[in-house]
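J.: Sequence:
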Amino acid sequence: MRERRGDSVFDHISKKTNVKQDDLFQLVQSLQGADFKDEKTVRNVIREVARMAGKRVPKEKEDELVQAITNQNIPMDFASLNKWFQSK
173 MRERRGDSVF
183 DHISKKTNVK
193 QDDLFQLVQS
203 LQGADFKDEK
213 TVRNVIREVA
223 RMAGKRVPKE
233 KEDELVQAIT
243 NQNIPMDFAS
253 LNKWFQSK
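Going by my numbering, the final residue of the sequence shown carries number 260, and the count climbs one at a time with no gaps.
Do not take every clue at face value.
[To be verified] Here are the simulated SDA-like cross-link-like pairs (lysine to any residue), alpha carbons at most 25 Å apart as the crow flies:
1) Lys187 - Glu220
2) Lys233 - Leu196
3) Lys188 - Glu234
4) Lys231 - Val221
5) Lys212 - Thr242
[What the hints assert, rightly or not] Ranges of calculated distance between the beta carbons of each label pair, as one might list FRET restraints:
6) Asp210 - Asp183: 26 to 34 Å
7) Ile246 - Ser202: 15 to 23 Å
8) Lys212 - Glu232: 13 to 21 Å
In short, the hints are calculated from the structure, not lab data.
Quantities reported herein were computed from a predicted structural model and do not represent experimental measurements.
All C-beta atoms in this analysis are idealised placements derived from N, C-alpha and C, irrespective of residue type, glycine included.
With the hints as constraints, model all of the structure from the sequences given.
T.: Listed below in structure tokens is the structure:
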């Protein structure tokens with residue numbers, strides 16, 4: 173596997189979710205330029221991430237995530253995201 177900047181973050185996510193790093197990189201690349209103010213786009217992303225991780229996201233949690241993301245009430249850098257998710 174080629175060396176990537178920030179591999180430790182993706183390695184950590186991969187281990188916690190059982191999602192391959194290459195799949196994570198593909199997801200990240202597919203999100204570049206995505207409109208995170210668009211509810212439909214955000215819902216599709218949440219569902220894709222849940223599918224990849226083999227997890228079910230309850231409707232209430234999906235609504236909460238959509239609201240936070242579309243209103244830009246969620247941090248978008250890895251360090252802040254990590255802290256945000258640990259506090260939930």
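J.: Work down the list of hints and note, for each, if the structure agrees.
T.: A quick look at each hint next to the structure:
no.: 1; hint: Lys187 - Glu220; in the structure: holds, 18 Å
no.: 2; hint: Lys233 - Leu196; in the structure: holds, 22 Å
no.: 3; hint: Lys188 - Glu234; in the structure: holds, 20 Å
no.: 4; hint: Lys231 - Val221; in the structure: holds, 15 Å
no.: 5; hint: Lys212 - Thr242; in the structure: holds, 10 Å
no.: 6; hint: Asp210 - Asp183: 26 to 34 Å; in the structure: holds, 31 Å
no.: 7; hint: Ile246 - Ser202: 15 to 23 Å; in the structure: holds, 19 Å
no.: 8; hint: Lys212 - Glu232: 13 to 21 Å; in the structure: holds, 19 Å
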